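**Student:** Protein sequence lines, in the order shown, are assigned to chains A and B.
All letters in the first sequence, in the order written, are residues 1 to 445 by full-length UniProt numbering.
All letters in the second sequence, in the order written, are residues 1 to 445 by full-length UniProt numbering.
A hint or two may mislead.
What the hints assert, rightly or not - Straight-line distance between alpha carbons at most 30 Å, and here's what the computed DSS-like set of lysine-lysine pairs gives:
no.	chain 1	residue 1	chain 2	residue 2
1	B	K384	B	K358
2	B	K144	A	K144
3	B	K144	A	K3
4	A	K384	A	K358
5	B	K3	A	K144
6	A	K144	A	K3
7	B	K3	B	K144
Treat the hints as calculated values from the structure; they're not laboratory data.
All values reported here derive from a predicted model rather than from experimental measurement.
One-letter residues, chain by chain:
Number of protein chains: 2
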Amino acid sequence: MTKVCQIGLFGLGTVGTGTARILLDQAELLARRAGSRLELARVCDRHPDDLRGLPLDPGRVTADVRDLLDDPAIRVFVELIGGIEPARSVVLQAIAAGKHVVTANKALLAEHGSEIFAAAAEAGVAVGFEASVGGGIPVIKTLKEGLVANRIETVAGIMNGTANYVLTRMTDDGLAFDEALAEAQRLGYAEADPTFDVDGIDTAHKLAILAALAFATPVGPADIATEGISRLTPLDITFAAEFGYRIKLLAIARHRPEGLELRVHPTMIPADHLLARVEGAANAFYLVGDAVGQVLLHGPGAGQMPTGSAVVADIVDIARGIAAGVPPCGGPFEALAPVPLRPMEALVCRYYFRFSAKDRPGVLARIAGILGDNGISIAAVIQKGRRSRAAVPIVMLTHEAEEARVRRALARIDELDVVTDPTTVIRIEDPATLAASANAEVTPA
Amino acid sequence: MTKVCQIGLFGLGTVGTGTARILLDQAELLARRAGSRLELARVCDRHPDDLRGLPLDPGRVTADVRDLLDDPAIRVFVELIGGIEPARSVVLQAIAAGKHVVTANKALLAEHGSEIFAAAAEAGVAVGFEASVGGGIPVIKTLKEGLVANRIETVAGIMNGTANYVLTRMTDDGLAFDEALAEAQRLGYAEADPTFDVDGIDTAHKLAILAALAFATPVGPADIATEGISRLTPLDITFAAEFGYRIKLLAIARHRPEGLELRVHPTMIPADHLLARVEGAANAFYLVGDAVGQVLLHGPGAGQMPTGSAVVADIVDIARGIAAGVPPCGGPFEALAPVPLRPMEALVCRYYFRFSAKDRPGVLARIAGILGDNGISIAAVIQKGRRSRAAVPIVMLTHEAEEARVRRALARIDELDVVTDPTTVIRIEDPATLAASANAEVTPA
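Chain A with its partners taken away, still in its complex shape (with noise of 0.2 Å):
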C-alpha cells in the first residue's frame, strides 16, 4: 500500500556519505513528510567496499554506474562525484534514462547548465540543485518558489566559507593571508589546492547558477569579473577598519537599466551592515526583489550534513511529485533567454586604493596629478608609518568613479619609477546602491 520511490546515488563521498545517512536514519520521518517511503535503491561509488560506516545492503553497492542507469525501477539519479566528466555524461545519461535528477555540483551546472536543463525540459524530468549553492540554504528554493512573485534585482553574498573564514581570521587576528590560509587548511575549512576557493572561482560559478536562475538568462563564469582575495594584506583591512569598512569576498550580480553587472571581487562594505557580520566559514545570500524588499539567508554554506540536507530536501520535493503523479517543476522558471551584460569597464562606484611608493617628496602630487586627469576625485588620503627608505602605504578612497577610468590611471600610476609594488584596488559597495529598487518599499535594515 506505500508507496516507494527508488533512489540511485552516484558518489559515498563527504555529501554521498551524509545524504545516505540522513535517508537511512530519518526514513520514517521521510516518508511522512515525501508521501513516499525514501528507499536507497543502489549506491555507486568506485571504492564499493568501503561503506563508510553506514547501514548498507553490500549487495546494493556498485562500481559501476551502469547498474544505477539501467535500473528502471530507480526514478531519482542523486550525482554527488563532481567535477565535469563524467559527472555531465552520466547525468545526461540518466535524464534521458527518464530519471529525476539531484546534483549538488556546481562547476557542472555553471559551466553546461543550459544543457542539462535543456535535456532535462525535453525529458520531462526535474533537476534538483539546492545543494549546488549554499550548503544547507535553501537559496534556490527561496528565489524559485519564496520570491516568485518578484523581480529579482540583486543577488549578492558571500558564497565561499573559505575565503570567509581566510577573511574572517585576517581581521580578527590580524593574520597574514598565507598564515590564515594555512590555519584553514589545518582545520579542513581549505582544500591542498586552494585555488578555486580563494581565487573566486567557485563563488563565480555559484554566482553563475544564482544570475541564471534569478534573471533567467544564460551566464556562465566567464562571464563574471572575478578577483580572489590573495593579494590582501592585514594592512588593506586595518585600513579598511580605519574608514568603518570591514572587508569581504562578495558576489555582486545587479539587474540595472543599463545591463547584468556580474562580479566577485573583495569589497569594502560598511562594517555595521549585516554581510560585514558573516563570520567564519558561514555563507550569506543578499537578495533584493521588487516587492519584497532585502532579504537575507545565512547558515552553514557547506559540510557533509547541511549539503546532505538539501540534497535530500530536493528528492522529497520529486518523490512528493512522483507520489501525486507530477513532477515538480525542475530548472529555471523561465526559458533561458541572453539580457545584456553590463561590462565590468562601467561600474562606477567608490574606489579605496593602496598605493606602495618611495618616501619622496611630490609623489602624493603626481599620484594625485594622474587620478585628477582621469576624472577621479579623492575623498580621504592616509600616509602613516614614514620610514625613511622603506616604501610607504599611501591610501587612497575615491568618490564615485568609472572602472575603465580608475585602470587607465593605475596602469599609468603602477609605471611611475616612485611606485614599487602594484597598487591594490578595492571597491567599496554602498549598501544604499546594493539594495536600489524601482519599485521595492526599502525597510530598515
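Could you slot chain B onto chain A? The hints should help.
**Tutor:** Below, chain B without anything else, positioned relative to chain A:
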C-alpha cells in the same frame, strides 16, 4: 489553450491592495511561472467603491463575500481581512466549498489553526499561510520544504517589527520607551493601540504558528510564556551594553528532551550575534535543524508589498499544483500530535536583575542573601550613580539559575522595605545553548 486560475480576494486593505497590485502588474511574469494565468476574478471589500487606484473592473468588486464563496469558478480564496470573525467562518466556508485558501491571518491561525487545517485536509484543499509570519520572508516554506530533511530543534527570532523598531531607537538614540513608541506611531510602524506589538502578543501568535509547523504539535498562544517590552528603560539597555549585550524581544521555541520550551520575552544576547544586529522594523528567524545546523532568515516582516509577495507566492504554489492536476500539500506536513511542553518555571538560564533600592547600608547584603537562600549564584554586580535619598539601581547578572527559584527569590526581594519598585528581570540567552543540537555540525557563526 492557456490555463486560467481564478482567484477571489477578500479584503482590500494594505496587504490586499499589495496582493492585487502584484497580480495585476506582474500578470505575464506570473503566468509563465505558475503555468496558468492568475485571474483576479472577484474582489470583496466593505468599501466596494474605493478601488485604491487599482485598475480593477468595478463589476468584479462586491461587498458580499457570498459572491466569491458561491462562484464555483473561483479555485483560490484569499482571506486578507484579518481578525478572528468573520474570517474564521468565511475561511471554513471557502474550504467546505472546495476552494484552496491563502491567508495572512496570524491571529486566526494561532487560535484556530488546528480546526482550519483539519477541515482543509478533509476537503483535500491547500491552505497557504506564508504571509501570516514574517511578511515577505519565506520562513514557512523554509521550514516546510527547505529544511524538510531535518528534525527542527530551535525556532527563534525577532518576529515583530514594531517592538524591534522601539528597542532599536531606545538602544541607538537613548530614547525612553514612551518616546520611541510615539516615534514609531508617527512613522506608521505602530498602531494607535500598540498593545499587541509591544506586549509580545503578536510575536506569540507567530511563534505558535511556527512551533506547530516545526514540531508538528498543536500550540496556541496560551501555551507560550509571554512578556513585552514596556517595562524596559534606557538604563537596562545601557547596563546590557556594559556587559556586551543588546536587548531584543525574542520568540524562542526549543525542542529539548525534557519537553518543548515556548517563550516570548525581552532577551539579552551578545552584541556580536547576528540576532543582535537586526535593526529597525526588520524581522529575523533563526532555525536550528539536526542536519543543517543554524540558518538565519532576515528581511521585512511586514508592509504592503513584502506581505503581498508572500501571498502571491502561495497563490503560485497552489496554481502550479492545479495546472499540473494536483494541489500541493498545504498545512503542517505531519498530523499534529501533542508534544509535552516544558513549563516556564523549569527554564534554566542566566538572568539580569535590576533592583531599585534605597541607598542604605546593608541593602546589597539582604538582596544577595535572599538570592543565596534560593541557590542563585551572582556572577557580576554593578551599583553606581549614588544620589543620596533617591533610589539607586543595583544590577546583577547571575550564573545559570532555575526560573522557579528566581521567581521565589524576587517575590521576597520585592517585599523588602528598602526595595522601592518591582525588580526588572531580563533573561540572558547563550547562543551556544540556543544552537545546541544533538547531531548538527555547528558551523562558525
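**Student:** Can you list which hints this structure breaks, lowest number first?
**Tutor:** Every hint satisfied by this model.
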